[in-house]
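**Student:** Sequence:
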Amino acid sequence: MSYRVAMDIGGTFTDVVCYDERSGTVTASKAPTTPGDLAEGVFAALGRVVDDPAEISFFVHGTTQGLNALLERKGARVLLLAGQGGRDVYQIARGNRDRMFDLRYRKPAPLVPRQDVMEAGGRLDYLGRELAPLDEESVRAAARRAREEGFDAVAVCLLFSYANPAHELRAGEILRAELGEDVLVVLSHEVAREWREYERTSSAVLEAYTGPVVRRYLARIERRFAERGLTVPVHVMQSSGGLVNASYAMRRPLQTLLSGPVGGTMGGVAAARLLGRGPGVDEQGRGPGVDEQGSRGNAICIDMGGTSFDVSLVVNGRPDVSAEAGIEGYPVLMPIVNLHTIGAGGGSIAYAEAGALRVGPESAGAVPGPACYGRGGARPTVTDANVALGRVDPAWFAGGLMTLDVEAAGTAVATLADELDMDPLLLAEGICDVANAKMAQAIRTLTVEHGIEPREFALVAFGGAGAMHAAFIARELGISEVVVPRFPGAFSAWGMLEADVRRDLTHPYFRSQDTLDGPDMSRNFVTLEEDALAALSAQGVPEERHRVEHAVDMRYEGQDYTLTIPLRDAAEPAEPEFLEMIAARYAEAHTSRYGHATPEAPVEFVMLRSTGFGSFPRTAAAAQEAPEERAAYVRDVIFDGAVHSTPVLRRSSLDGELAGPAIVVEETATTVIPPGCVATVDPNGFLIVKVNL
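If you count the sequence shown from 1, you need to add 136 to reach my numbering.
Keep in mind that the hints were calculated from the coordinates and are not lab data.
Careful, some of the hints might be misleading.
[Claimed, not checked] Restraint-style ranges between C-beta atoms, simulated for each label pair:
1. ARG647 x GLN577: 33 to 43 angstroms
2. ARG235 x VAL814: 39 to 49 angstroms
3. ALA670 x THR539: 48 to 58 angstroms
By construction, the Cβ of each residue, glycine as well, lies at the ideal position given by its N, Cα and C atoms.
Hey, can you work out the whole structure from these sequences and the hints?
**Tutor:** The following block contains the structure:
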């Protein structure tokens, strides 16, 4: 067995990347996604890159099954079992307004209506000491209702279970015994052993709501693999940027919520490593190295597809990961890559509103799609604008899988131009400019609004349309360098091949600086480290590829929210000068995040975090060249209102420097190099575009 395969299952296409360990080559392809039975699309995509699936030695994929269920509100019916007196915690949520000046703001409707919330008697105090025993009869009453009314899942969230999970564990035993395996039982301390009752409840409800959908999907994939004689474990991408096997993902399905989009971020991390921009690993793929080039480990990852535009960051060679996030307005406590998504893609529809041009968020989707697809679409999209401007090779779109209808694209753009009384070509550029401005603003949301300067980052562009717009977005943000990786349309799948197995463990640890016992904190970290290493071994990762990183959540006394401060190792808290060192690190992090610090103020410790990583061999191989080359030709392309004679070249034929304007085509994407920009191909096969500012 010699094939390492990764797959990103999207709404329109299933992208696949295959690394052949014998020849050292990487190939990429795609196949139409089959919504009725996703496994059919999976095996169709596999057939494009692997002759014999039995030779697959490693398989990982990203799925949006849970996220789609949440977005479409097609998740499971959930019964929530709360602690006595806590029935309304989930309904009340938080009183703060996320959008202060939005007069139409409404909190998202709870996923569990109030009539589906029950209470369980019993009580613990804030230290986890039992004040009243668990009322087991109330738990059995919840089980009877779940069985009689046909609930798909039961979420259990009892007060202070993060400090002592005994009551939740017993409630889980009763529910599972009464309901069997047909009903998913979710315990909040297993989802997120952290404080804040509402956020922990929300996390448990989200897992219960999306879990049955994810579990059925993963079980079906594993079953279909077994039917094809494939015994290799199925791995799944987590929202944290790490991998787990399918059996663990079925136990903790919430971890896969952002499984698909996160692959691109991990591809950005791998690209930074290959470009010498961030922490690397030794020859065996172990351990973080030293980033000697400082900020060169920074990358803004942009994934532009047909419907959406996703932005994420790589900072100092590492993914930008938060310990909590909000998804569709619902808080969730779990490590998650910070992603910002807007409705801007190749299929985003342009229209007139109050005499002005608007683009998106409505998308033409896959059916009917942009007008140039020839599937009945008549409204102009971003893709149609690019076709009208000559920035796409209509005869070799998506590697020749489609031939675009240039006349239909021009007609769609001209119809809107007549409505706005504009020249059609000027309008086409305007459509692209508006889309670029929206995408640049999405990048500012993750950078400028958090005190981060985009000009200190490289722009890593991927997705089917990312490389087409990247140079224009970079110019608007003052970014001087764009990196277009190999097979950008399948880059998220490649990123999954480069990711590590990851397990995140937490332990509540409320201490003031006056009551801190450094050796005790160190002992707790050692316990977490042992658990993390055991979890990695259970995932099948050899011991020589294990590593564990530690961090502590801290705040100033009187603050509510925390910052996560990394440690050197588990033994560091036992050092005599630990308090002084960690307080200084916290002050530095506070200044970086908020622009100020109060070094003389006392600090508090809230949570211990340990993360286990299990690395696999890297796939840093040269891209496989296309077997046939088509000679370059020249076409007229519009840039800044002027016609430029522009060469159209196959990417696999590039060598040396390429001065813009130029159009570079390949199987999974098109790269537009505007006038004044210069592109080169580095030894890894990445296209590096220097942008004129």
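**Student:** Could you tell me which of the hints above the structure violates, numbers in ascending order?
**Tutor:** The structure breaks none of the hints.
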